[in-house]
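A.B. asks: Could you slot chain B onto chain A? The hints should help.
2 protein chains.
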Amino acid sequence: MLALIAGQGGLPLALAASLGAAGTPYRVYALEGFAPDLPQVTVFRVEALGRVVRDMRKAGITEVCFAGAMQRPKVEMGKLHPLSLPLVPRLMKVIGDGDDRLLREVIAIFEEAGLRVLGAHDIAPGLLAPKGALGDVAPSETLRAEAARGAEILRVTGPLDIGQGCVVAGGLCLAIETLPGTDAMLRFVAQTRPDPGPGGVLVKRAKPGQDLRIDMPAIGPDTVAAAQAAGLAGIVLQAGHILILDRDATRTAADAAGIAIWGVT
Amino acid sequence: MLALIAGQGGLPLALAASLGAAGTPYRVYALEGFAPDLPQVTVFRVEALGRVVRDMRKAGITEVCFAGAMQRPKVEMGKLHPLSLPLVPRLMKVIGDGDDRLLREVIAIFEEAGLRVLGAHDIAPGLLAPKGALGDVAPSETLRAEAARGAEILRVTGPLDIGQGCVVAGGLCLAIETLPGTDAMLRFVAQTRPDPGPGGVLVKRAKPGQDLRIDMPAIGPDTVAAAQAAGLAGIVLQAGHILILDRDATRTAADAAGIAIWGVT
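As you go down the protein sequences, you meet chains A and B in turn. Just so you know, the first sequence maps onto residues 1 to 265 in my numbering. Just so you know, the second sequence maps onto residues 1001 to 1265 in my numbering.
Next up, chain A with everything else stripped away, as it sits in the complex (with noise of 0.2 Å):
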């Protein structure tokens, strides 16, 4: 059986519709506060991690999907579960090493549990985001050498374990994901851009070397409408390697917009 573990955003209800239409039976269990908007889900606080992973054994789960965001929840000591307690030397040793060093840590917790961690890609491969166009506006000469510059930022970037896109127009970086978020870096450059578009192009890359089964990098029609409000005339993913929640969605709103939204290895 498949666990989901899921965040907020989109993602959880994407992988949830697939697993339906598959016939393909599942739990959901969410952090408390981050729950989504499922049926029947388990919720669990941070401090009973130790004992979830326990009852996921007991219930027959052999599989667990991280899916969707959930920010670092603060821990209360006090409420530890006797479970968790050799889980804290091992996640707070590696708390202030960047999300992926966590998140890596957390997969560790579950494989040496005996469940296998799949990827969203692993369980609905048709949200990847495939290579060239996915709308009717075809990306200019000038886009696609804006995406190739953020393109090669990210490959720099990346080690850094930073974050996973940046925005770059008329050869210049306006802005490099960090923390808060995709979305948070579009509102900064529609808000900072002394001459709001159009042009530029926003660049979505998995970081190199990125374990992809937890924090893939994910669009969706938001992304399009904050492209958009940001001035963008483009949007290029990195084919295999990012989610595209609601593909139909996602290109109806770009070409709406007149964005080009393409796919490059």
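In short, the hints are calculated from the structure, not lab data. Fair warning: this is a prediction, and the values are worked out from it, not measured in the lab. The beta-carbon is built from N, C-alpha and C at its ideal position, and this holds for glycine as well. Please note that the accuracy of each hint is not assured.
As the list claims (entries may be wrong) - Listed below are several chain B residues computed to face chain A (Cβ distance under 7 Å; list not exhaustive):
id	residue
1	V1117
2	L1118
3	I1153
4	V1156
5	I1162
6	C1173
7	L1174
8	A1175
9	T1178
10	L1179
11	P1180
12	A1184
13	F1188
14	T1192
What the hints assert, rightly or not - What follows is a list of derived Cβ distance ranges for each label pair:
id	chain 1	residue 1	chain 2	residue 2	range
15	B	Q1191	A	G60	54 to 60 Å
16	B	P1025	A	Q71	54 to 60 Å
17	A	R116	B	K1093	50 to 56 Å
18	A	G20	B	P1159	31 to 37 Å
C.D. replies: Coordinates of chain B only, in the frame set by chain A:
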């Protein structure tokens, strides 16, 4: 005779005050739209650049210093002075390559005309950030570790010619400076922090290999206020590579805010 090619912000004023105190004669030139609050400024449009360089020579100018913020002005081709025509293809060629490359070309144009280009630090070395604590608040071990992470981030991003600052808190990168500058970055942090501090550090460093004669990073009392609004606990500067405008007011503001401000190599 020295000419300040002055933009906005506190730097041209600080240099004028420093030159005045030393009894050094100077003239002030400024791009239309970016003139500083100084008397007797010769304002010119970018289309007249070729003529301005010739006029400087005629007026006995031998040295120039670029000081203060200027955005890229719009060029109206119909207004180009004949002496500017040879500069157009040179500047167009590098206009998409980032600010550094463009500014190096501008420096080259002045130097080829026989004008020596000085940095603000050549004229007023007293403005440079010193090594060690600037104010009364000592940086904690946590702040020093965050400062080291920020320095590493800027060492990696430096060659990309993106910006000269970042914000690190709790081991995580909250923001990387891009075109809109330090204040815009700090406003972004203030807006997006889920838990606005206090904590975290603003890191300011020159880009590795940067020509300090143009676009040397600068901070001042306003930077301290913006860092305080973002909930930060420290500001760390690359000694000898950052200008501090109004050092007394900057130190007083940092002490009053309980912000550690210090220089490192």
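A.B. asks: Hints first: check each against the structure and report whether it holds.
C.D. replies: Against the structure, the hints:
no., hint, in the structure
1, V1117, "violated (23 Å)"
2, L1118, "violated (26 Å)"
3, I1153, "holds (6 Å)"
4, V1156, "holds (6 Å)"
5, I1162, "holds (5 Å)"
6, C1173, "holds (5 Å)"
7, L1174, "holds (6 Å)"
8, A1175, "holds (5 Å)"
9, T1178, "holds (5 Å)"
10, L1179, "holds (5 Å)"
11, P1180, "holds (4 Å)"
12, A1184, "holds (5 Å)"
13, F1188, "holds (5 Å)"
14, T1192, "holds (4 Å)"
15, B:Q1191 - A:G60: 54 to 60 Å, "violated (45 Å)"
16, B:P1025 - A:Q71: 54 to 60 Å, "holds (58 Å)"
17, A:R116 - B:K1093: 50 to 56 Å, "holds (54 Å)"
18, A:G20 - B:P1159: 31 to 37 Å, "violated (48 Å)"
Violated hints, in rising order: 1, 2, 15, 18; the structure is consistent with all others.
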